[in-house]
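Protein chains in written order, with my numbering: chain A, 1 to 304; chain B, 1 to 304; chain C, 1 to 326; chain D, 1 to 326.
Simulated from the structure, these hints should not be mistaken for lab results.
Since the structure is predicted, the reported quantities are computational estimates derived from the model, not experimental observations.
Note that CB positions come from ideal geometry on N, CA and C, so glycine has one too.
Treat the hints loosely; a few may be bogus.
[Stated by the list, open to error] Which chain A residues face chain B? A few, computed with CB under 10 Å, are given here:
| hint | residue |
| --- | --- |
| 1 | V43 |
| 2 | G44 |
| 3 | G45 |
| 4 | P46 |
| 5 | T48 |
| 6 | S76 |
| 7 | E78 |
| 8 | G81 |
| 9 | R83 |
| 10 | W84 |
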Amino acid sequence: MTPVQVTGEVLSLRRIGAYNAMTVVAPGVAESAKPGQFVTVAVGGPDTSMLMRRPFSIYQVRERGVYGGTVEFVFSVEGRGTRWLAHMQPHEPIDIVGPLGKPFALPREPATCVLVGGGYGSAPLFPLADALRERGCRIDFVIGAATEERLFGALDAKRISATLSVTTDDGSVGLRGRVSDPLPEVLATTKADVVYACGPMPMLRAVSRIAEEAGIPCQIAVEEMMACGVGVCMTCVLPVVGDDGETRMVRSCVDGPVFHGERVRFDDIGTIPADAVGAPEPPPEPKPVGKRAAKAQQVAEAVR
Amino acid sequence: MTPVQVTGEVLSLRRIGAYNAMTVVAPGVAESAKPGQFVTVAVGGPDTSMLMRRPFSIYQVRERGVYGGTVEFVFSVEGRGTRWLAHMQPHEPIDIVGPLGKPFALPREPATCVLVGGGYGSAPLFPLADALRERGCRIDFVIGAATEERLFGALDAKRISATLSVTTDDGSVGLRGRVSDPLPEVLATTKADVVYACGPMPMLRAVSRIAEEAGIPCQIAVEEMMACGVGVCMTCVLPVVGDDGETRMVRSCVDGPVFHGERVRFDDIGTIPADAVGAPEPPPEPKPVGKRAAKAQQVAEAVR
Amino acid sequence: MSTTLTVRVGTPAATPASTVDMSTTLGRFELPNPVLTASGCAGAGRELNQFFDVAQIGGVVTKSIMLRPRSGRPTARMAETPSGMLNSIGLQGPGIDVFLEKDLPWLVEQGARAVVSIAGGSVEEFGKLATRIRDAGGASMIEVNISCPNVEDRGQVFACDPRAAANVVQAVRRATRAEVPVFAKLSPDVTDIVAIARSCVDAGADGLSMTNTLLGIVIDTDTMRPVLAGVTGGLSGPAIRPVALRCVWQVHQAMPEVPILGMGGIRTGLDALQFALAGASAVSVGTETFHDPSAPMRVLRELTKALADRGFERFSDAVGLAHQPR
Amino acid sequence: MSTTLTVRVGTPAATPASTVDMSTTLGRFELPNPVLTASGCAGAGRELNQFFDVAQIGGVVTKSIMLRPRSGRPTARMAETPSGMLNSIGLQGPGIDVFLEKDLPWLVEQGARAVVSIAGGSVEEFGKLATRIRDAGGASMIEVNISCPNVEDRGQVFACDPRAAANVVQAVRRATRAEVPVFAKLSPDVTDIVAIARSCVDAGADGLSMTNTLLGIVIDTDTMRPVLAGVTGGLSGPAIRPVALRCVWQVHQAMPEVPILGMGGIRTGLDALQFALAGASAVSVGTETFHDPSAPMRVLRELTKALADRGFERFSDAVGLAHQPR
Ligand SMILES: Cc1cc2nc3c(=O)[nH]c(=O)nc-3n(C[C@H](O)[C@H](O)[C@H](O)COP(=O)(O)OP(=O)(O)OC[C@H]3O[C@@H](n4cnc5c(N)ncnc54)[C@H](O)[C@@H]3O)c2cc1C
Ligand SMILES: Cc1cc2nc3c(=O)[nH]c(=O)nc-3n(C[C@H](O)[C@H](O)[C@H](O)COP(=O)(O)OP(=O)(O)OC[C@H]3O[C@@H](n4cnc5c(N)ncnc54)[C@H](O)[C@@H]3O)c2cc1C
Ligand SMILES: Cc1cc2nc3c(=O)[nH]c(=O)nc-3n(C[C@H](O)[C@H](O)[C@H](O)COP(=O)(O)O)c2cc1C
Ligand SMILES: Cc1cc2nc3c(=O)[nH]c(=O)nc-3n(C[C@H](O)[C@H](O)[C@H](O)COP(=O)(O)O)c2cc1C
Ligand code: FES
Ligand code: FES
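Chain A with its partners taken away, still in its complex shape:
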């Protein structure tokens, strides 16, 4: 499970709806990857102005392809780095580090598992589904996105799941609404034992709440800005409640990206909760609460 850094080779790059799926020959990464882990790739080539590696969840892994182990990830073109990636050609070298982060924990016994994916967040749920099915679990999928072309993996999900619910924000396919909307009913009808989710933060919050209310354990994979991806820089922290009940600012790259949903203090992301371990001493002024107030105060304090 220790991550390695390898100069991989782009094997293929294909379009899937609004996304690109890149398969990379990456021996050493593929062999030890587990569902929920991610890789980081260097973007821009040798003379680039972009220093930060880009993190992507691992989608499919083949341990021994013809060319050695391969890793596939699905990405959306969001900015300069992903734009560059989308223009890569087969056989070009690509610098890849992985597998990184904590994978999803799997139930010991066969269980009914509801997998909730938003946008490209569905991608890592497929290797998870495979692992769960190997253990005799029942899979129910809930997949949502803004539009039809941003839905990822609906067909595959249908094939491997007992039930599939689909939502789009614009109603272009499936239910109109958020991916969390049908969730309470899915949990009830399937008598779910556990929920797994990956997608944008507001979705993860909603899913975690619903699971908590239903009294079902929930594992979520979060997405935070990362500078190093390997645990040395403290860029990627969020407030998470530990086993001892204490809130700590933990690194999503090594302590996550998978967390127990009910442990993540979603409303306090973007702040240091006053009760977090090592939180700043309360200032003489009344303590700001929430992101907005914190921001206002930071702006005011910014330049001393």
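Based on these hints, arrange chains B, C and D with the ligands on the given structure of chain A.
Same frame as chain A, now just chains B, C and D with the ligands:
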């Protein structure tokens, strides 16, 4: 003759000995280019860390190819920018500015012209030779380089010149020695009226001296570091004696790159000659002379 | 800085680009739009006029001019650095006489707005330059490049000392007509940029240009000596943008009423927008002009579109906006 | 700095890389080679040890540790910039107790050399930290991160004031065993880096680490607010290399006898060589580690080869060489 900036298209990239020759569809650049002028190209793509355009002498120009006017330049891979250029593919876009700089002046009457090229410095002499031959001039070529594969255009030169002399530093082909070595004899036997030269600075110095001693006018195209290439930054200056006998630090990008050889103060390149217009007031200490002393003093003064 | 804001962040209703009011002011200098060249990166406008009409941008900031002709530093004067460049030109230029005779009138003839940058080795020299410019007329604004060594103070750079900076500003302000704003151009290489800014404003500066280059060095690993003949040089380009932007932010935070001409690593309209949001009433495009000789015109176009896309009706509504709580 | 030089520039007779003596010293700290990690860019070495053996490099400079556990600044803490990045971590860390119990012993066990970076809000805090480290043992060197706000002086950063910097250095030096060198880590955001350096050396610093990050800001053009929750952040990476290198050059020029640990934008062995030539006796590799987790090891390999290619027999012969006339 005003320069334009265009997004050209790479038409072809081929190897010629140690060099690469790139042909670019660059309408507007091709049509007005004159021998001795140069272009600058942006390197590294949109997210590059390399800000400076790279200057290259214009080799061949076709005013109306099938695709519109094309410009060809010959380059040697020296560093990051040229390495990037050497990996471009046909049809890729390339940002090109030109034609830039002062071209070689042509004799009014048919004359005997000796063209001296060092390394890729021979490249701009070919369009010059064409223009001279159109005016009924006789061409004699002297071409030199470090090694055979760094000789540029010997075959073509042979075809269009009355005589061709070739030198290599290692003697792998032609005379062993510098391109300036055979020059005095060539000037004498051809009864040359004018010398044109392009190549590294030490070569241009030697050629200028020899021409001066022989009492023959000599035009040289210099190569200085350039930040803008269009005359706004003052990076590319060298000390040149003007018509009024005064030395000025003139811009090689717009006042050159072609100069009269005898006007360039080669020994003072890399210094501000004390008698240059606007030279610093002599310091209280004895004035440093030459590049070494100037450098020593600068190092000492560097950090006040 | 506008307080009643027509913009709603998050739900921008795009304005057509053509209708965005791009006009701005730098003190009493009224500009049709907020994009200018940067001193030393545009000569006196003539060469760039081959690539775009210099009268179309907000103004041309000319290369810092000194009293006498000056040949500058020896070469090498330039080194490329990651996302930046070092320069050590040493203020080569023709001197104020030639400038006033040939360069300034040319700009005025084109209908361009000329911001004249001046540099001197002493307070007196700065004062004389301002007087010459006043007498000649034609300058829309004066930018005082105080990042020069003070020959009367062991070469200590004016911009690094609040008092020296103030003395220069005062001398220039006194010698300049009231309707011509005087901007002090600050160096980022100081411990407390707000202190220097305040000192300049107290001495009469109508506004501040921020920032000049950062002092840097590059060593050639083949010769194993500094690349630049002048050893150290000024670092410019996108590499320094976060630092320049921070200076603008700090000074606008401390003195929101003082107009700022922002610069440092601007390549695109969005970069220019960052400076406006931080508090700049106009921007200068410098090093990017070497990469793209029509950059100032392009940045203006891109900035106009960026504002339109975000639902702004006036450029001036964006100025300093980032300081408002979210 | 060697005066009798075995190297002839221009005609290098390459030495086999394996025979170059890479050993160096930082005060009384003897290192097998001159490449270290940079504080805050390597944690306490454990994570990087997955990618290379941390005992193989010159040393591991640990994340600046404070007396108490500290949760740092809110997110967003990072922004990518051209050839650089801004960070605003806010010194998140477990506090000295946990550090001395878990992190330092781990490094010592690996056979790695630990340079312990400390940070405090007051002179007293710095002194206490040094005392704790002395009592625990195991540190090869102490790096004093004085780029922290002084809570007792309106948050004024220690590194920006020669006196405050000196007070911190003195407190740490007094509380530290003689054989453990104390290096002050300087900020480049000052008017006169030599003055700060001198003040630290006069106060007992055995050497200087240069430099820390530059203060910068990035504004998100969509939200139109600063990207970082902390508004400003520290700029690092190749973008700042010329500035960091200039600081090393200036301080080595002024005080050639004072050892320098150089850093700022080092990506390759040739970058490290630039720092050595400017006067650094060793270098730290920071931000590049985020790009390439085995960067310190690679830089060491590349530097060794670069020295060999240039005919050096000893790394130490390169230190400060660029100051010699050509
Ligand atoms: C653990 C993890 C897994 C991820 N998995 C996927 C995936 O499977 N598919 C996918 O399309 N995207 C995924 N992302 C998001 C992806 O990393 C960003 O979309 C990508 O980095 C954007 O890079 P850019 O250069 O195109 O954008 P830019 O905006 O130019 O990037 C600038 C900087 O911001 C960072 N950044 C920008 N957006 C994000 C983001 N959403 N999350 C984290 N950092 C960001 C970049 O990494 C870079 O450092 C994942 C992120 C994390 C943290
Ligand atoms: C007027 C003119 C005409 C030229 N014509 C040709 C030509 O026809 N063929 C050819 O191969 N080369 C030519 N050169 C040199 C060519 O510009 C450089 O080899 C090239 O810029 C190197 O870029 P790089 O990124 O590979 O090297 P790097 O060393 O990485 O470049 C770093 C910086 O130094 C500058 N630089 C490096 N070497 C030179 C040099 N020799 N002259 C000027 N600037 C340099 C680069 O432009 C860049 O700004 C010409 C230069 C000038 C000024
Ligand atoms: C080659 C060059 C020459 C410069 N000359 C001057 C000058 O004469 N006067 C001045 O005030 N600034 C001068 N500058 C600084 C620029 O005006 C500008 O402040 C700085 O480069 C930052 O902006 P940029 O990153 O957009 O270039 C010069 C910059 C460069 C690159
Ligand atoms: C994310 C991050 C965290 C840092 N934390 C510290 C720190 O805790 N203490 C310190 O002295 N320097 C810290 N630094 C500064 C680095 O040690 C180094 O001085 C600086 O980044 C310049 O080097 P680089 O360009 O190689 O990164 C940090 C830098 C980064 C990027
Ligand atoms: S990204 Fe560096 S610690 Fe997580
Ligand atoms: S390169 Fe800018 S003036 Fe010649």
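Going down the list of hints, with the structure as the test:
Checking V43 of chain A against chain B by beta carbon gives a least distance of about 8 Å; that is within 10 Å, so the hint holds. Using the Cβ-Cβ criterion of 10 Å, the hint placing G44 of chain A at the interface with chain B is satisfied: the shortest such distance is roughly 5 Å. This hint holds: G45 of chain A has a C-beta 8 Å from the nearest C-beta of chain B, less than the 10 Å allowed. About 8 Å separates the beta-carbon of P46 of chain A from the nearest beta-carbon of chain B, less than 10 Å, and the hint is met.
Taking 10 Å as the C-beta contact cut-off toward chain B, the hint placing T48 of chain A at the interface holds, the least distance being around 6 Å. About 18 Å separates the beta-carbon of S76 of chain A from the nearest beta-carbon of chain B, more than 10 Å, and the hint is not met. For E78 of chain A, the suggested interface contact is broken, since its CB lies about 14 Å from the closest CB of chain B, more than 10 Å. A cut of 10 Å between beta carbons decides the hint on G81 of chain A: the least distance to chain B is about 8 Å, and the hint holds.
Interface hint status for R83 of chain A: upheld, as the beta-carbon distance to the closest one in chain B is roughly 8 Å, under 10 Å. The interface hint given for W84 of chain A is met, as the beta carbon of that residue sits about 6 Å from the closest beta carbon of chain B, less than 10 Å.
When each numbered hint is compared with the structure, violations occur for hints 6 and 7.
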